[in-house]
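Those sequence lines, one after another, are chains A and B. Numbers 171 to 445, taken from the working numbering, label the letters of the first sequence in order. Numbers 41 to 309, taken from the working numbering, label the letters of the second sequence in order.
Don't take each hint at face value.
Below, computed lysine-lysine pairings styled on BS3-like, alpha-carbon distance capped at 30 angstroms [what the hints assert, rightly or not]: (1) K45/B with K284/A; (2) K215/B with K284/A; (3) K215/B with K175/A; (4) K396/A with K377/A; (5) K173/B with K175/A; (6) K420/A with K44/B; (7) K235/B with K175/A; (8) K94/B with K284/A; (9) K360/A with K372/A; (10) K45/B with K420/A; (11) K215/B with K173/B; (12) K349/A with K321/A; (13) K321/A with K173/B.
These are calculated hints, taken from the structure and not from any lab test. Quantities reported herein were computed from a predicted structural model and do not represent experimental measurements.
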Amino acid sequence: MDKKKMSGPQELLDREDNWVTDRGAWFVGERVVLRGHDMFSELFDRSWVEIWYFSITGRFFLKNQIDLFQRLWVICTSYPEPRIWNNRVAALTGTARSTAMLGLAAGTAVSEGKIYGGQANLGSVEFIVRARDLIKNNGLTLGEVVESEIKTSRGFPTGFGRPIINNDERVPHALRLAKELGLDDGEHLKLALEIEQFLERKRYRAKLNIGGLTAALCADQGISAKEFYYAAGVIYSAGMMACYTDAAEKPAGTFFPLSCERIDYEGTSRREWEN
Amino acid sequence: MSEKKEVIHTKIWNETPESDNPFAAAVCECAGFDVYGDLLGKISWIEYLYLLFKLEPPSKEQARLLEGIAVAIANPGPRDLSVRAAMNGGVGGSLSASCLMAALGPGAGAFGGGHEVTSFMALWNRGERDLEKWREAVTEHLNSEVVEVWPETTHIPGFDPYGASCSNVVLQTLKYLADIGVGESLVWLETNRLKLEGVAASPLTMVGVAAATFIDLEFNADQAEMLFLLLRLPGAAAHALEQKEHGWRKYPFFGDGLTLTDDPGPVAE
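So that you can see chain A by itself, here it is in the shape it has in the complex:
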């Protein structure tokens, strides 16, 4: 029998009323520090987006990089489209006459999807960074990396293909933005576009989607998979609020109401409960 010694609660005892941090603190009635910088002086002139990325990464980015991040989140994820699943949560919350913050919080939580949003965002950077590493440092060909990914994941590499439609209307605009800001020559972006061409040659219906493209662009700015995932936590908010306010301003309960006949029951036929 294994007789390893149990750790016991010492670490919890050490931490009781004792949180040690380098991330920041509020000095009551006096000042605020974020990652070693005074909020009211050193960070006073920074934009909210700069603070958002600094809070997550501990790094400050160049102006064109911050422009890239925030403008990507304008054209890529601020869709005021209430049929998209996370936005629909915000709209349902509005039509149910619930509060804006509950709608936003619930919609944001739902944004952590697998086929889009949070999980896909994380996977997109993870894949493109890993693919580059395998090709550059492990001598694999692009084809080997992609085929192996398709085999192991039983799907397309994350960042390629799209639910509902294969083509992504945002891609040319995001590429135009990157070019305008002089940030279109990174290795991850180049690789992502080459992978798209490879998939096309092999007749896979999986074009580079906006998640894959933004992931590659951000990876080129030194953003890790986790940082990208964290930073993308709020990028759907603008679209959601449009959906919420629209539904909240219209008569209650009228957002795509469903009549009884819209339930297609496929279960067991009528029966009686026996105690």
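Please arrange chain B on chain A, whose structure you already have, making use of the hints.
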């Protein structure tokens, strides 16, 4: 509008509309049972919960087992991370829904939350009630490098990395649930608990007991996770309301508890 309307496909629920309003239900059926004409007054809430997830009535023992774990985890107590989150909603005067949503944040986690239930079940499946396989599964779990949205944990799912021995409440729950005699997991867990704790170098937790219960009830990992999240909310709700009454002044703020290691100090005017 299109001719053919899109529909919700379901094996759970059917509705017959009122003759004068297609948006009002006259009859609602759950898995074939008339909810308001037959089930109401006949079945317990726990039986209904089981029916919703499994689409078949539970046996008496299954209902007793689900009720047992529901009572055991209904209130993890005010020191629990999920309940603390709910109480933070309460003391600040946040909405009731905010308190429940707050509880679900930490309550979903890989340390003490819903995700740990699914991790334990994955470990259990690999362990196949065989100590040697269990040992291999634990090593594999500790060495796995899956990139996912859940933050990394270094403990064995279902076991307390800060524990000194298995707590009395866990032992009491495990014994009660194992004695009901549904499935073999709880019994095997009770019989082999000390050996498993030796492998994990940490004592069994309520998460492990809950996960084993869901395995014996033949819930899959997604169902188990959902039930774990749901069944722990009553305590969070009650504690949030209690602290809302007390207010923030009577609630811990850890006023002297924080040490900042990277402090530039006051900036000169």
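Evaluated hints:
{"no.": "1", "hint": "K45/B with K284/A", "result": "holds (27 angstroms)"}
{"no.": "2", "hint": "K215/B with K284/A", "result": "violated (39 angstroms)"}
{"no.": "3", "hint": "K215/B with K175/A", "result": "holds (25 angstroms)"}
{"no.": "4", "hint": "K396/A with K377/A", "result": "holds (24 angstroms)"}
{"no.": "5", "hint": "K173/B with K175/A", "result": "holds (21 angstroms)"}
{"no.": "6", "hint": "K420/A with K44/B", "result": "holds (26 angstroms)"}
{"no.": "7", "hint": "K235/B with K175/A", "result": "holds (13 angstroms)"}
{"no.": "8", "hint": "K94/B with K284/A", "result": "holds (25 angstroms)"}
{"no.": "9", "hint": "K360/A with K372/A", "result": "holds (19 angstroms)"}
{"no.": "10", "hint": "K45/B with K420/A", "result": "holds (23 angstroms)"}
{"no.": "11", "hint": "K215/B with K173/B", "result": "holds (24 angstroms)"}
{"no.": "12", "hint": "K349/A with K321/A", "result": "violated (34 angstroms)"}
{"no.": "13", "hint": "K321/A with K173/B", "result": "holds (27 angstroms)"}
The structure fails hints 2 and 12 (numbered hints given earlier, in ascending order).
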